[in-house]
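Engineer: Combine the two chains into a complex, taking the hints into account.
The listed protein sequences correspond, in order, to chains P and D.
Residue numbering for the first sequence follows numbering that gives the first Met the number 0, starting at 0 and increasing by one per position.
Residue numbering for the second sequence follows numbering that gives the first Met the number 0, starting at 0 and increasing by one per position.
FYI, nobody ran anything at the bench for these hints, they're computed from the structure.
Keep in mind that the hints are not guaranteed to be accurate.
To be verified - Computed from the model, here is a short list of chain D residues facing chain P with C-beta under 8 Å: (1) His-2; (2) Val-105; (3) Val-117; (4) Leu-123; (5) Asp-127; (6) Ala-137; (7) Cys-141; (8) Asn-144; (9) Val-147.
Stated by the list, open to error - Think about it this way: if two alpha-carbon atoms lie no more than 25 Å apart in a straight line, the pair counts; the simulated BS3-like pairs of lysine-lysine are: (10) P:Lys-97 to P:Lys-108; (11) P:Lys-111 to P:Lys-97; (12) P:Lys-167 to P:Lys-179; (13) P:Lys-95 to P:Lys-108; (14) P:Lys-111 to D:Lys-80; (15) D:Lys-104 to P:Lys-111; (16) D:Lys-83 to P:Lys-108; (17) P:Lys-84 to P:Lys-105; (18) P:Lys-105 to D:Lys-110; (19) D:Lys-24 to D:Lys-166; (20) D:Lys-110 to D:Lys-83; (21) D:Lys-94 to D:Lys-80; (22) P:Lys-81 to P:Lys-97; (23) P:Lys-84 to P:Lys-95; (24) D:Lys-104 to D:Lys-94; (25) D:Lys-96 to D:Lys-80; (26) P:Lys-111 to P:Lys-84; (27) D:Lys-110 to P:Lys-84; (28) P:Lys-108 to D:Lys-110; (29) D:Lys-110 to D:Lys-94; (30) P:Lys-24 to D:Lys-24; (31) D:Lys-94 to P:Lys-111; (32) P:Lys-179 to D:Lys-24; (33) P:Lys-81 to P:Lys-167; (34) D:Lys-166 to D:Lys-83; (35) P:Lys-84 to P:Lys-97; (36) P:Lys-167 to P:Lys-24; (37) D:Lys-96 to D:Lys-83; (38) P:Lys-111 to D:Lys-110; (39) D:Lys-175 to P:Lys-24; (40) D:Lys-110 to D:Lys-96.
A quick note: this is a predicted structure, and the numbers were derived from the prediction, not measured.
Where a beta carbon is used, it is the ideal one built from N, C-alpha and C, also for glycine.
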Amino acid sequence: MPHIQLPEGLPGIRGAMAFRPETAKPLNDLVEVLLRGPHSLTPGERELIATYVSYLNDCYYCQTIHGAIAAASLDDNEELVKRVKADFQHADISEKLKALLVIAGKVQKDGKNVTAEDVEDARRLGATDLEIHDTVLITAAFCMFNRYVDGLATVQPRDEEMYRERGKRIARDGYAAVSKEYLAAYVTQ
Amino acid sequence: MAHIAIPEGLPGITGGFAFRPETAKPMRELAHILLHERNSLEPGERELIATYVSSQNDCYFCQTSHGAAAAAHLGDEEIVKRVKADFQHADVSDKLKALLVIAGKVQQGGKQVTSEDVQHARDLGATDLEIHDTVLIAAAFCMYNRYVDGLGTWQPHDESMYAAMGKHLAAEGYRKPSIATAEVA
Numbered sequence: 000m001p002h003i004q005l006p007e008g009l010p011g012i013r014g015a016m017a018f019r020p021e022t023a024k025p026l027n028d029l030v031e032v033l034l035r036g037p038h039s040l041t042p043g044e045r046e047l048i049a050t051y052v053s054y055l056n057d058c059y060y061c062q063t064i065h066g067a068i069a070a071a072s073l074d075d076n077e078e079l080v081k082r083v084k085a086d087f088q089h090a091d092i093s094e095k096l097k098a099l100l101v102i103a104g105k106v107q108k109d110g111k112n113v114t115a116e117d118v119e120d121a122r123r124l125g126a127t128d129l130e131i132h133d134t135v136l137i138t139a140a141f142c143m144f145n146r147y148v149d150g151l152a153t154v155q156p157r158d159e160e161m162y163r164e165r166g167k168r169i170a171r172d173g174y175a176a177v178s179k180e181y182l183a184a185y186v187t188q
Numbered sequence: 000m001a002h003i004a005i006p007e008g009l010p011g012i013t014g015g016f017a018f019r020p021e022t023a024k025p026m027r028e029l030a031h032i033l034l035h036e037r038n039s040l041e042p043g044e045r046e047l048i049a050t051y052v053s054s055q056n057d058c059y060f061c062q063t064s065h066g067a068a069a070a071a072h073l074g075d076e077e078i079v080k081r082v083k084a085d086f087q088h089a090d091v092s093d094k095l096k097a098l099l100v101i102a103g104k105v106q107q108g109g110k111q112v113t114s115e116d117v118q119h120a121r122d123l124g125a126t127d128l129e130i131h132d133t134v135l136i137a138a139a140f141c142m143y144n145r146y147v148d149g150l151g152t153w154q155p156h157d158e159s160m161y162a163a164m165g166k167h168l169a170a171e172g173y174r175k176p177s178i179a180t181a182e183v184a
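In isolation and in its complexed conformation, chain D is listed as follows (with noise of 0.2 Å):
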């Protein structure tokens, strides 16, 4: 049970947006700019930031949802588990493999990245703007995560749920209430 009288029915991060709509909208303006807006990187590249850092902070709702909106840019559910598990050996490019390193760094701590984690993802093609992009969706993760988490949120374990929630997010952005909200709300 969530730790406060969230409207019933709603997963994770709806539950509370629902809640405080106040708060909701600016977060998912912010969601929206980062991981849906045109960008030099694939909106399936930063969904698959956006996952793995869930994945390390360890939350059910958000590494779920993402990794569906991922899978559903990507076609591909499969290389969204491998960056999970061990994105060094994913089949994504190295400039991706560099950004999830300082991502990985950001969920830990920002002063943990190094100029050379920089350098190298310069090296790799890695663009100012990416690098700034990759810092902030890794740091937005760290609030949704514990936003979540935090508020005891109702998870569902419905992998169909999020494979709807993924299509609906990869095709319409964060503007909007996901399918699932709009159905149960």
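The following block holds chain P by itself, in its conformation from the complex (with noise of 0.2 Å):
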């Protein structure tokens, strides 16, 4: 049971999001432009990265449905997304994305953990400055979202098929136009 009392039915931070409506616009337009804004990273290779900090945070909500929108964006290859999660040193990503992935991992510990040499790697690999920062911050919004669908006792069903539909949904239609459908009733109140 959460630990406030959030508006019933609406799973993970979409409760949390419905209870707060002001923060849940800033929160849903940073992740809008975080993880589909128009990017060199494609929306599957950022939605991989969120799903791999929410996985090392064991947000068991955020690292199942960003890995399904992940995957939806990705020709529904739920395995590249497993293999990402477990060893993505050996998964079928690009060198670059590993070299991202190295520095998200540090970031999920902490910000100083990242080195000047982390950052040389990607860029040798032809990482932009823009796909670093973006690195570190889609990380660290994730260590955010992770700690607010999780310190609020969210209710996370363990259902794959509806993360799996929803993922779908987002990956086609985003996270602003999707969020408006269940803030909209609690907007107006």
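Structural biologist: Here you go:
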């Protein structure tokens, strides 16, 4: 049961966002820019970073929904998502993305763990400053989202099909659009 | 030196914000709502939560700038130091102490928060909104702190700069760049 009285029937972050639509707006705007805005990293690659960090933070809801969005963005390749979580160095992704995932794994623990060598490795494999910046910020942001979702003890159903369906919709329509559906009822109150 | 080519002379998060205005906008807006807009918790109390979490995350820029904002709100620098070092013996309300316990757990990991922690805060008068905002402030500073340190931003040890920044943040909030940014930008 959630620690506070969240609106019922909205799992994970959705219940928290409906409880406080004022903070939901910038949270959705941030994730929309970071994961879906125009970018040299594909949405699938950015969702893999978000999934990996959520997995390291052991947040069931976030790693499952973002894993589903990643799969939906990568030709429904659910195996690739599992592989990135378990052992990304041997997953079928670019060397550049592997170097960015190394940086993400360091930021997840503490920003100060990132070394000049980590950044140089990523740059040598073609990463731009913007890609490095966004990798750091996606990771930092998911250290927030994961704590928000778990810190309120939100409802996190073990229902793979639900995440799969929702992942497809978010991959198609985006965070801002999909969030409007469930936030609208609360914003007007 | 920062890990990426951030505009020069901008300390801490202001450098990251100048590098990427698209993400700066929602990040500023979130901080403004959580720390500055009207709430049953005073802005000074909320800045103390932000400062404490930043101190637990060992982020020099964030703990110093938000510590300065807290001091500006509360007219008291000693209380800020005390909250960072040992909040259970600081001159803050028992409700705020219970919320700081929750913030400290969220900093470690959201699942560390127990229903006893929440019940304790509630017994001391905390509302659901105050508990929600404590969790989200703590979570958000786990983001801001990692962002500031993960980019290797410039974090000068210059007390007068932070004092000026703290006064500006306390008065104006987070939607607009702080004085320090305006001066060097």
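Engineer: Give me the numbers of the hints this structure contradicts, sorted from smallest to largest.
Structural biologist: 4 and 31
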